[in-house]
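Chemist: So you can see what is in the structure, the chains are spelled out below.
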Amino acid sequence: MGRRVAIVGTGHSKFGVRNDVNIPELAYEAIRQALDEAGIEKKDIDLVVTGYVGGWSSEGLAPVVVMEYAGLTGKPAYRIEAACATGSAAIKTAHDAVAAGEADIALVVGVEKMNESPTPTVVEFIGRAGNYFWEFENFGLTFPGYYALYATAYMQKYGATEEDLCKVAVKNHYYASFNPKAQFPRQITLEQCLKSRYIAWPLKLFDCSPITDGAAAVVLASEEIAEKLTDSPVWIEAIGVSSGTSNLSRRPYFTNLPAAKIAAQAAYKKAGIDPENPVKYLDLAEVHDCFTIAEIMAYEDLGFAKPGEGYKLIREEQTYIGGVIPVNLSGGLKAKGHPLAATGISMAVDLTRQLQGRVEKGRQAEIKHGRALAHNIGGTGHYAYVTIYSLSKPRSA
Amino acid sequence: MSTQREQADLFLAQVEQFANTMKESVGIPVVMDQKTGVRMWWDQREIKLKFLISIEKTFKFFEALAEGKLLATKCKKSGKIYFPPQVDCPDDPSDEAEWVELPKEGELLTWTVIYTKPYSFGHYPDYTVGIARLTNGVQVLAWVRETDPSKLKAGMPVKIEIVRRQPENYLTYEIVPVTEKQ
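Here the protein sequences line up with chains A and B, keeping their order.
Per my numbering: the first sequence = residues 3 to 399.
Per my numbering: the second sequence = residues 21 to 202.
Treat the hints loosely; a few may be bogus.
[Stated by the list, open to error] BS3-like mimics (lysine-lysine), calculated; alpha carbons at most 30 Å apart, straight line:
#1 A/Lys159 <-> B/Lys55
#2 A/Lys197 <-> B/Lys55
#3 B/Lys100 <-> B/Lys77
#4 B/Lys173 <-> A/Lys159
#5 A/Lys197 <-> A/Lys16
#6 B/Lys173 <-> A/Lys197
It should be emphasised that the hints constitute simulated quantities derived from the structure, not laboratory data.
Use the sequences and the hints to build the structure in full.
Modeler: So this is what it looks like as structure tokens:
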């Protein structure tokens, strides 16, 4: 489809409780950095795609507020929303516009200020993201609750333990300790995780990603422009997308995410990656660890482990640097933080910098294949985006 | 012990009181972040969110609850059952949906106990949510009448009971573990 598209600039705010900035100020931290890295000016931008979920924050039309602040008013613009996969959906939308020739340079921004509302309100808004009438109205599910339903089913079927889940948290906090942009840049012990209080049994506080304010941005450019702007563009080689039922009860099983499997297969096919052995083609992956169980399911849905064996990968520390495939070297949603709309773009930012060999010491992967994977899930498997980023120009657009 | 909702309300009342004091002294509804000391505006506007959701086409479902029945819809030609019920058959738009009663017996597939609750559920004690597969294969998500998660097992027999949810006092359905004594 059309032209090849590359990332030519990245920007990332500090993630955390950002009561020191409002929504446009936060977004501009990422925008300014992305434009600077790309070496472009505002006038060079043909399209602005903003990811924003909102509800918990004051601005209803955050994109225009952000654009006015950033001096981008007048550019073609729209808001994209796909729950927690909003960032990847925004990248896909901008990618398609550049690939189709509608824009040569597109700015993709994701911003979220979840701490503008008190925690019980945020828990409420996220809990409503599923099927409001049939699953929230009467039964008050929360997001930890939804993923706990997966965790219970998975543990009952395969014998994984709460300790296995906590090992994911320990790993992701370990890598976050090297990432100054992370909400929790500090290590935790297995015991700390195991002793933390239950949020939704069997998931505990340290199994859960936090409530985060943050922004991330990337500049996408067409092949011709990208090669003029930089010697090391990171190409968007493939994007696989799928979706799942709104009602969790209508999923065929609760041990994996069907949509993620479909999205992965689609991305692997386009990138020419053997779905039986994808780790041989990839240097690292960022996966959607909104909860520790989600990372274990992701290993399986992406084909890093066989069904029912994902927990063994973390038990054997195979997703640390030096293992079969390093996963979430940014700290993941778990420890870097999860500002919904910024998350998918944050993955793109971090994987771009990883492939270019310029992240902090201690969390830099060894780049041999020049390829990285982002797995970004919206809702409880409602949306699934699997994106392959590559240092080599893709064979086809 | 106070409920989570009371705790949340108390916290906000304290913030509001602080903002009101600031309005009186400096004329600005400003509050300080307790950790960092940065200043925030205490919103002077507040809305109440309450939706009016149409149940016109699925009203039979709610009527049947009063008779102790759990209904689903079934597409006559394909035999496909929908729960939650829907009145259209998108696999074949010429097909027609009819109401059918679901069996009450099934097995428990998965469950969780919700400790940290959404604001609008903050007045309830901790509650268990689970998914049951009924004998005809239909899966139902609902509260489970057991708050000790260790007493539940995947595959254990359960039944659906129609109950009135308190304190709101409206009809809904619940998953009830079947013990051997029964």
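Chemist: Compare the structure with each hint and give your call.
Modeler: Hint check:
1. A/Lys159 <-> B/Lys55: violated, 43 Å
2. A/Lys197 <-> B/Lys55: holds, 25 Å
3. B/Lys100 <-> B/Lys77: It holds: about 18 Å lies between the C-alpha atoms, which stays within 30 Å.
4. B/Lys173 <-> A/Lys159: holds, 11 Å
5. A/Lys197 <-> A/Lys16: Holds - the C-alpha atoms of A/Lys16 and A/Lys197 are around 28 Å apart, at most 30 Å.
6. B/Lys173 <-> A/Lys197: holds, 23 Å
Violated hint for the displayed structure: number 1, the only one.
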